[in-house]
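Peer 1: All chains should be modelled from the sequences, with the hints used to inform the complete structure.
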Amino acid sequence: MEKIFKKLVGLAEAKEELKKTSQETSQNLGVYYITKQEIEKWAIAIKKYREAKPFWPYAF
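Residues in the sequence shown are numbered from 118 upward in steps of one, following the numbering used here.
Derived from the structure by calculation, the hints contain no laboratory data.
Be aware that a few hints might be false.
Said to hold, decoys possible - Below, in silico cross-link-like pairs of lysine-lysine (BS3-like), each with a Cα-Cα straight-line distance of 27 Å or less: (1) 124 x 137; (2) 164 x 153; (3) 164 x 136; (4) 165 x 137; (5) 136 x 123; (6) 165 x 153; (7) 123 x 137; (8) 136 x 120; (9) 124 x 136; (10) 120 x 132; (11) 137 x 158.
Peer 2: Printed below as a string of structure tokens:
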């Protein structure tokens, strides 16, 4: 009986650990997505800057 109880406790702990890991993964994906958006925004800004190069002091 005690062995079964220990196995159940172990399974419950493993399930909690998996839940934490999946939450961390989704948070990391969120950070990656935000970073990707920032990079795209800067890429657009740099492209506009390069197009307006003749007036470079006034590009921003």
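Peer 1: Can you list which hints this structure breaks, lowest number first?
Peer 2: Of the numbered hints, 3, 4, 11 do not hold.
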